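Engineer: Each chain, written out:
There are 2 protein chains.
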Amino acid sequence: MARTKDPAVRTLLVERAAHMLRTREPITLRSLVAGTGVSTMAVYTYFGGMDGVWKALRQEGFTRLGARLATVTMSTDPVRDLTALVVAYVGNALDHTDLYRVMFDANFDLEDAQAADDTLEYLVRAAERGRRAGRFRADIDPLELAIQSWAIGHGLVSLVATGPLPRRTLGHGAPMLTALFISAGDRSDGCRTSVEQGWKQLTPPGEEPGAE
Amino acid sequence: MARTKDPAVRTLLVERAAHMLRTREPITLRSLVAGTGVSTMAVYTYFGGMDGVWKALRQEGFTRLGARLATVTMSTDPVRDLTALVVAYVGNALDHTDLYRVMFDANFDLEDAQAADDTLEYLVRAAERGRRAGRFRADIDPLELAIQSWAIGHGLVSLVATGPLPRRTLGHGAPMLTALFISAGDRSDGCRTSVEQGWKQLTPPGEEPGAE
DNA sequence: ACTATAGCACAGCAATGCTATATAATCGGG
DNA sequence: CCCGATTATATAGCATTGCTGTGCTATAGT
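First to last, the sequence lines map onto chains A and B. Per the working numbering, the first sequence starts with residue 92, numbered consecutively. Per the working numbering, the second sequence starts with residue 92, numbered consecutively.
To be clear, the hints were calculated from the coordinates, so they are not data collected in a lab. Predicted, not measured: the structure shown is a model, and the values here were computed from it. Any given hint could be a false lead.
What the hints assert, rightly or not - Example chain A residues on the side facing chain B (calculated, C-beta under 8 Å, incomplete):
1. Phe195
2. Glu235
3. Gly246
4. Leu250
5. Gly254
To be verified - Covered stretches of chain A, as calculated for chain B (at least 3 residues, CB under 8 Å):
6. 196 to 205
7. 258 to 271
To be verified - Distance condition first, Cα-Cα at most 20 Å in a straight line; then the derived SDA-like pairs of lysine to any residue:
8. A:Lys146 <-> B:Arg107
9. A:Lys96 <-> A:Gly139
10. B:Lys96 <-> B:Arg107
11. A:Lys146 <-> B:Asp196
12. B:Lys146 <-> A:Lys146
No residue lacks a Cβ here, since even glycine has one placed at the ideal position from N, Cα and C.
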């Protein structure tokens, strides 16, 4: 018995906000709706306020991350695949630096808290396959190995994305993952080549992905 | 031929800002100077604006981190010491969560850019001692090992501090560092005990350090 | 002591996020 | 097919934000 929200408006605003983040325009209540035809009130009906916009933006970040992880094609080599997933994680952070920063902002609250777990799940499954394939010891917990891989990727790329480390430092990711996987039971020589196979997918420093 | 700035005012404001950060009061131009007797203009004469306050706050964060790293007593076991330094880094991040977040905020610019390098230098020196002591291979670059240790500590604690991982996840730090040090040449059994020696300094989850 | 310089206090500016109120649109029931 | 209740939307206004302009005052150097 009343008007219904138009979901197109919501996605329009989220995408515009993500775009403004990328172009480094300050995202304010008024600048966000400027030129879209919708009024400032729309922000409150769809997001409850600017906080809601940021929350939706974090969600969008995880959605894009999930989409990127989904593009990683699985091979017969689980160690390569796990590495490739970490590389995809790092690549996503580099391609959407500002959105990536927002994702882990002050208050980490998402609309769908499951989203973060879902992305981790990609890593967990690869770790599981690695254990089943005999690359990792039987007493290795796939979740723990996934978390450790995540921490390595996140630690490196966040230090690079926020400034303190130069971009070439990302190269340390391969030896670090190799060390981790070997400690999980993988054989030294095979691990190195697997990780290198997965790691070489990383976008080279000079090559920025087509801006917008 | 004119008035001079009183350095006490500057430190007063920085410490007050750090305190407000800790108590989660919003830091605004007016709230910062409220009750201090100084007027809003002081913020501009001493910091050039609120941006300058945040920059000084980042600097303060690195100063406190450096002070904490300096308290780590060096032993005859460089691997233990390197681990203890990472533990100190993690502990500092947990004790000053909000300041830690500010340190790696949007634009990573410090008043003294050297400060970040200085903290890393602690790790580098421990890695050097480890190599001289024969714990790490001769071809290991102490700087690289330090960066990798940093990335592990930072990755873990930042994922914990910003929300996605529960605090107990920090326990993964020990096996990760062990894997890293073994890959750098340390012997398996000795490494494990060294890392455990250094790691047990970490503040247990339940025990919050005396607030204020 | 005099003066030029720089710190300081106050007031006011545009811009911010948010809310109150009034208007208009639309879905459900008859 | 229309009507009314309900909800989105538009506009205006609020307190607060960071910042700047204007004098005033304190002080360091000659």
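Engineer: Out of the numbered hints, which ones does the structure contradict?
Structural biologist: Hints 8 and 12 not satisfied by this model.
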